[in-house]
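Q: Turn these sequences into a full structure, and let the hints steer you where they fit.
Protein chains in written order, with the working numbering: chain C, 133 to 501; chain W, 260 to 504.
Quick caveat, the hints were computed from the structure, so don't treat them as lab data.
Hints should not be assumed to be uniformly reliable.
Listed next, with one range per pair, are the computed distances between beta-carbon atoms [unchecked claim]:
#: 1; chain 1: C; residue 1: Gln497; chain 2: W; residue 2: Lys348; range: 47 to 53 Å
#: 2; chain 1: C; residue 1: Ala427; chain 2: W; residue 2: Thr407; range: 34 to 40 Å
#: 3; chain 1: W; residue 1: Lys348; chain 2: C; residue 2: Ala427; range: 34 to 40 Å
#: 4; chain 1: C; residue 1: Leu328; chain 2: W; residue 2: Arg375; range: 23 to 29 Å
#: 5; chain 1: W; residue 1: Lys468; chain 2: C; residue 2: Leu328; range: 56 to 62 Å
Chain C residues, not near chain W, derived (Cβ > 10 Å throughout) [stated by the list, open to error]:
#: 6; residue: Tyr159
#: 7; residue: Gly254
#: 8; residue: Phe290
#: 9; residue: Arg299
#: 10; residue: Phe324
#: 11; residue: Arg425
#: 12; residue: Gly461
We put the CB at the ideal spot given by N, CA and C, even for glycine.
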Amino acid sequence: MAAAQLDLAAAKQPERARLSRADRALYFMWGMFWVLMLAVGVQDYLRNGGKHLWQPILWETSSLAVATFWIVLQRRAGRRYASFIDRPLVWIGMHSKWLPLVLLTFVPVVFAIRHGVYALLGATYNHEPWAEVWIYESIKLMVFYGLWMGLIFAFDAFAETQEQRQRLLALQKSLAEAQLAHLKAQLRPHFFFNVLNTISALMHVDVPRADRLLSRLADLLRATLQWGDKELTSLREEMRMLELYAQIMQERFADRVTLKWNIDSSALGGAIPALLLQPLLENAFKHGVERSRDAVRIEVEARRDGERLHIAIRNSGSVLGPERQEGVGLRNCRERLSVLYGDAAQLQLTQLPDAVEASVTLPWQEHRA
Amino acid sequence: MMRVLVADDEAPARGKLQRWLSEQPDIEVVAEAEDGLRAAEAIERLKPEVVFLDIQMPGLSGLEVAAQLEQETAPLIVFVTAFDEHAIKAFELNAIDYLLKPYDKDRLLKTLSRIRGRPADGSARAAVATARAQTQSHDRLLVPVGETLQLIDSSTVEWLEASDNYVHVHTTSRSYLLRRTLQDLLEQLGDKQFARIHKSAAVNIAAVKAFTPLFKGDYEVQLRNGKMLRLSRRFKDQLFGRMGR
Numbered sequence: 133m134a135a136a137q138l139d140l141a142a143a144k145q146p147e148r149a150r151l152s153r154a155d156r157a158l159y160f161m162w163g164m165f166w167v168l169m170l171a172v173g174v175q176d177y178l179r180n181g182g183k184h185l186w187q188p189i190l191w192e193t194s195s196l197a198v199a200t201f202w203i204v205l206q207r208r209a210g211r212r213y214a215s216f217i218d219r220p221l222v223w224i225g226m227h228s229k230w231l232p233l234v235l236l237t238f239v240p241v242v243f244a245i246r247h248g249v250y251a252l253l254g255a256t257y258n259h260e261p262w263a264e265v266w267i268y269e270s271i272k273l274m275v276f277y278g279l280w281m282g283l284i285f286a287f288d289a290f291a292e293t294q295e296q297r298q299r300l301l302a303l304q305k306s307l308a309e310a311q312l313a314h315l316k317a318q319l320r321p322h323f324f325f326n327v328l329n330t331i332s333a334l335m336h337v338d339v340p341r342a343d344r345l346l347s348r349l350a351d352l353l354r355a356t357l358q359w360g361d362k363e364l365t366s367l368r369e370e371m372r373m374l375e376l377y378a379q380i381m382q383e384r385f386a387d388r389v390t391l392k393w394n395i396d397s398s399a400l401g402g403a404i405p406a407l408l409l410q411p412l413l414e415n416a417f418k419h420g421v422e423r424s425r426d427a428v429r430i431e432v433e434a435r436r437d438g439e440r441l442h443i444a445i446r447n448s449g450s451v452l453g454p455e456r457q458e459g460v461g462l463r464n465c466r467e468r469l470s471v472l473y474g475d476a477a478q479l480q481l482t483q484l485p486d487a488v489e490a491s492v493t494l495p496w497q498e499h500r501a
Numbered sequence: 260m261m262r263v264l265v266a267d268d269e270a271p272a273r274g275k276l277q278r279w280l281s282e283q284p285d286i287e288v289v290a291e292a293e294d295g296l297r298a299a300e301a302i303e304r305l306k307p308e309v310v311f312l313d314i315q316m317p318g319l320s321g322l323e324v325a326a327q328l329e330q331e332t333a334p335l336i337v338f339v340t341a342f343d344e345h346a347i348k349a350f351e352l353n354a355i356d357y358l359l360k361p362y363d364k365d366r367l368l369k370t371l372s373r374i375r376g377r378p379a380d381g382s383a384r385a386a387v388a389t390a391r392a393q394t395q396s397h398d399r400l401l402v403p404v405g406e407t408l409q410l411i412d413s414s415t416v417e418w419l420e421a422s423d424n425y426v427h428v429h430t431t432s433r434s435y436l437l438r439r440t441l442q443d444l445l446e447q448l449g450d451k452q453f454a455r456i457h458k459s460a461a462v463n464i465a466a467v468k469a470f471t472p473l474f475k476g477d478y479e480v481q482l483r484n485g486k487m488l489r490l491s492r493r494f495k496d497q498l499f500g501r502m503g504r
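A: In structure tokens, the structure reads:
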């Protein structure tokens, strides 16, 4: 099954992939239908003693050409109804709106083609009286219209289910990856052993401080382990985690880093992917503080701007290289944002005059616990 | 009295080591350094016998500091690290002293007693060689500029000139005087980029413009900056072989 081996690339462009696959299958069936209709028409003509084979071919082809026009139009313009696919009656209603126009134009166009070709070949096209033709063709057309609408609905609905399944799988996969990356990051041996060493050093000179650092580390570990399968959290909770991490790092590098929190309280109730920001703050410490001899300034900023939530983490003391490679943490943030919000969320790294900024912009959404 | 230098970028970590070392009657902590460059400067200035070098430091890592030392005169090095799988493997392999954070007092005392029993020969040499193998030490060279040290890109070096226990490092813009042997410097820089042309000189192969034969199989080497140097018979074949002549 294709869904089992999907990758994130496929999930990122579900729209295009889904339509082209369903389209291809539908057009193939349409072609088969065309061949069948043609064969029936020709057979019928021969059995009635017809002698000019081009005549039944012209009749069928002219009808099918006009019908093909409508089918292609449905595939192209029908996308606007795609969102109604989970409400079949509405979907069918939307498509049935077009039936009168199809019925009204079908016979004139088809018969105009037939008369035109006959005239070009110097023959005369004799057929039943117009009223009879109109009724007969309209009934036939309605039957086929219904049949094909059903088929198209079935195809699109199936494709939609597939896509939702892929989306879900991609979401689960990226969540699992984020979880793993986060666990690794928290248990990142460097971080962990260094903090333990700091505690071991502090407890000889400042027991309360060592104790405090130890409980911070325990809090951070506990929060990490409790994270579980909760995808969204509130900005308030996310900021608490960031503070825990920052406090630990400040104990280690007290003389080399100053932190500034600029959090708009109206933004605290917003929903945000859990632990999304931690890798960004880790990078600020890793690239700013741990690699710079000078004192580094880290700023964390969050604010709500109408229907958007903006978060920025800035650090001085480092510059973005021209050919930098994004680490696992950053890549993972991007993937989670893309799976959860599509194009509606952005993560950007920017070189400011005296700092590097990582900024995240999300659609605003109230967090419900 | 054993004179010791402690280098770590975390103040609490330095404090812990300093405290325990100071309790030892035969140890004197002569300085603390909070990053790689200051550690290298302190080693150069104070000539400690033992250095506790944290690996993860800003600017210049502990391994990079060690890689820039002269093997013959390097102090005994104890690397200190929280977690560096590759380095630790190399330390094990070459019997280099190291401490894993966090360590307790017993572990430190064990290391100290091992250092006290160290013969003053191969172990410092092995630590420098291992550090060089673990880093890109041939790309960068630590040179004195006034009272401080500075890293330069080794590709800017045109030629090296030995005199006694010193080496003049001539770059495109200026010259530096290093208290190291030419032999050791060439070992650090590697033989891909530099070649000995004389008992007391070596060139950056990229800086060579032409060779002119002299008498008795000696040659004259012309550098791109116009400088003329002597290529002795002893090093001729080796150099020509490498340059594909």
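Q: Now look at each hint and say whether the structure bears it out.
A: Each hint tested on the structure:
| no. | hint | verdict |
| --- | --- | --- |
| 1 | C:Gln497 - W:Lys348: 47 to 53 Å | holds (48 Å) |
| 2 | C:Ala427 - W:Thr407: 34 to 40 Å | violated (20 Å) |
| 3 | W:Lys348 - C:Ala427: 34 to 40 Å | holds (35 Å) |
| 4 | C:Leu328 - W:Arg375: 23 to 29 Å | holds (28 Å) |
| 5 | W:Lys468 - C:Leu328: 56 to 62 Å | holds (57 Å) |
| 6 | Tyr159 | holds (56 Å) |
| 7 | Gly254 | holds (85 Å) |
| 8 | Phe290 | holds (50 Å) |
| 9 | Arg299 | holds (38 Å) |
| 10 | Phe324 | violated (8 Å) |
| 11 | Arg425 | violated (5 Å) |
| 12 | Gly461 | holds (18 Å) |
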